[in-house]
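Participant: Read off the chains here:
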Amino acid sequence: MRTRYVERNLDGAQSAGQSFSQTRRWWDTAGIAFGVLVFFVLTLAFTASQFGWLPYDPDQADLDLILAPLGSPGHILGTDFFGRDLATRLIVGVNAYFLPALGAVAVSLTIGATLGLAAGFRGGPVGLATHYTCTLVEAIPRLLLVLFAVTVYQPDIYHIMLIIGLTGFPGLATRLRLRIRHLREQSFFESALASGVSLQTILFKHLLWHHCRPLFLIHASQAMGEAILFETSLSYLGFGVQEPTPSWGNMVQTGSDYLLQGNFWPSTLPAAAIAITLIAFYLFADAFERRAQDRQNP
Amino acid sequence: MRIKRSAIRPIARTLAKELAFTFALLVGISVVVYAMLVTAPNSHSADLATARPAEQTATPAYFHWLAGLVQGDLGNTSRSGGLVADELIPAAGHTLFLIACAMSASLLVAVPLAVCAATKRFNGLSRPLLITLYLSSALPSFWLAYAAIFVSTHYLDYFPVVDGTNIDWPITALATAILVLGSGLATTAARELSSELTRVLSQEYVTAAVAKGACLWRHAYVEGLLLPILEIAATRLSHVIGACVIVEQVLNWPGLGRLVWQAAQERDTHLVMGAVLACALFVALAHLLHRTLHVLMNPRASHMGY
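Chains as they are written, first to last, in my numbering: chain R, 1 to 298; chain H, 1 to 306.
Same shape as in the complex, but just chain R:
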């Protein structure tokens, strides 16, 4: 059954009624479940590599078994050009971005929340200043900024991810500003003020926690995907994690020499891992956004 109706999106603007049906709800649930599953697998892989619960040593070369294909006995996902087990390197590769990316997400959430709340609540000059900061940060292409930082500071991956976090807030800040501006026009805001609830409680509990939780989760998921994309891109370009330490980016890079010979598995496997992870985080964000909108417009 399809119903057309007018709904408000999470920014508070009126948006068109999309047809929403049982099938779409099912797809949204599947998207959210997929995102959670992939995050769980990543956490598991991270824990496994931290404690050394690995099938092989990721640096152990087996020169008798170079470029073993998928499904070889002993090496389920094959081996690379040194005969190193690809499955092990894939698991250890999670190490390269997991903690740094989580840090980047935390940084961008903190800055985005502060700026968005201030701009949405105060408006005026504060709003203009936030708009200026967001536009300024978005004007410098992030990959180029990171390459500039690499040239100038020669940073490690944590500092690179700090830059990614510091430049990742404009999306959240802009959406939060619109949302809070919409919410403070509502009567619940006024009545809470009139009944003597402290401004702190209204801002952080009523507005941020009760009404903007979905935005944070959506942004965190997108930011995690972006951070992973940046880490893999930089490792691919040779500025992130260096061979022989595995990262999905430098695995694609080293494997790509063999791709043109037709031996495409060593670079396609990490590329597929990247793609599945990114799709999971983006799907989670999209599905969760629609779910939150349905909740808001029952």
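Hints are computed from structural coordinates only; laboratory data are not their basis.
Glycine included, C-beta positions come from ideal geometry on N, C-alpha and C.
A couple of the hints might just be wrong.
To be verified - Taking CB as the label site, the calculated pair distances span:
| id | chain 1 | residue 1 | chain 2 | residue 2 | range |
| --- | --- | --- | --- | --- | --- |
| 1 | R | Asp62 | H | Ala175 | 37 to 43 Å |
| 2 | R | Trp209 | H | Ala35 | 32 to 38 Å |
| 3 | H | Lys4 | R | Trp209 | 43 to 49 Å |
| 4 | R | Tyr158 | H | Asn76 | 31 to 37 Å |
| 5 | H | Phe63 | R | Arg24 | 54 to 60 Å |
| 6 | H | Gly93 | R | Pro55 | 49 to 55 Å |
| 7 | H | Thr39 | R | Trp26 | 50 to 56 Å |
| 8 | R | Asp57 | H | Gly124 | 48 to 54 Å |
| 9 | R | Tyr158 | H | Ser78 | 25 to 31 Å |
| 10 | H | Ala35 | R | Asp62 | 45 to 51 Å |
| 11 | R | Trp26 | H | Ala175 | 36 to 42 Å |
| 12 | R | Leu199 | H | Thr132 | 45 to 51 Å |
Based on the hints, put chain H in the right spot on chain R.
Facilitator: Here is chain H on its own, set in the frame of chain R:
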């Protein structure tokens, strides 16, 4: 595009504000880049920032550096010793050409898809296409480029990589680059366009226009298509420039991205700084152009504050 007489004054005021905003943006960008140069532990980079003329003047080093920038003096490259500007300008031309091609191609794909999605026509064709685009846009572009090279060399019998720097626009390399750059762009464009178009088509003036028997698109195309296309082109430019670094590196396209990649490997601070400033300048100017066209096409926007 007709503008009411009474709208001219608010539009002019908004445009003046946007101009001032862009100026402030350029100053802000230069401050950020300068701050990074000054705080560099590497003495070579710091020298660049604090280099003063022989006679000590009262002006701070920042203004001296800025004056040099405004006159186009970006310093010398460390590998050839030539002027940075001489290397940047042709490379920037190649990159802008590539971006223009990729953007037009992806809009050519995205607009019909978005219209189909918003009007719920040809769903059987447009839905699978959208899903394919969505999935392909998550594939890392560095792998996608190699896969494109592999497919074209093995099955289509051409090698889509630019050889040498003496470029005569090989169409095969251009097509591959457009494919790789455009897939992500087409996805975001199609998604944002279709959601915006759905919003506009459900508005009351569109319903009224349809009820009167007027042509739907004559009333809705500015708000539903032109403004969002402008916005996407302006806001995605910075992402596309970032993606160019990877695509140009794989396909050996002699543009800004490949130049930055090489310069960052050689720790050539002047060249990377020049490229960052040039790209930020493009993005800021694109932002200004977007705001100008937006206000001219939609004078209501001149009444909105931040």
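Participant: Next, verify each hint and record whether it holds.
Facilitator: Going through the hints against the structure:
no.: 1; hint: Asp62(R) x Ala175(H): 37 to 43 Å; result: holds, 41 Å
no.: 2; hint: Trp209(R) x Ala35(H): 32 to 38 Å; result: holds, 35 Å
no.: 3; hint: Lys4(H) x Trp209(R): 43 to 49 Å; result: holds, 46 Å
no.: 4; hint: Tyr158(R) x Asn76(H): 31 to 37 Å; result: holds, 33 Å
no.: 5; hint: Phe63(H) x Arg24(R): 54 to 60 Å; result: holds, 58 Å
no.: 6; hint: Gly93(H) x Pro55(R): 49 to 55 Å; result: holds, 51 Å
no.: 7; hint: Thr39(H) x Trp26(R): 50 to 56 Å; result: holds, 52 Å
no.: 8; hint: Asp57(R) x Gly124(H): 48 to 54 Å; result: holds, 51 Å
no.: 9; hint: Tyr158(R) x Ser78(H): 25 to 31 Å; result: holds, 28 Å
no.: 10; hint: Ala35(H) x Asp62(R): 45 to 51 Å; result: holds, 49 Å
no.: 11; hint: Trp26(R) x Ala175(H): 36 to 42 Å; result: holds, 39 Å
no.: 12; hint: Leu199(R) x Thr132(H): 45 to 51 Å; result: holds, 50 Å
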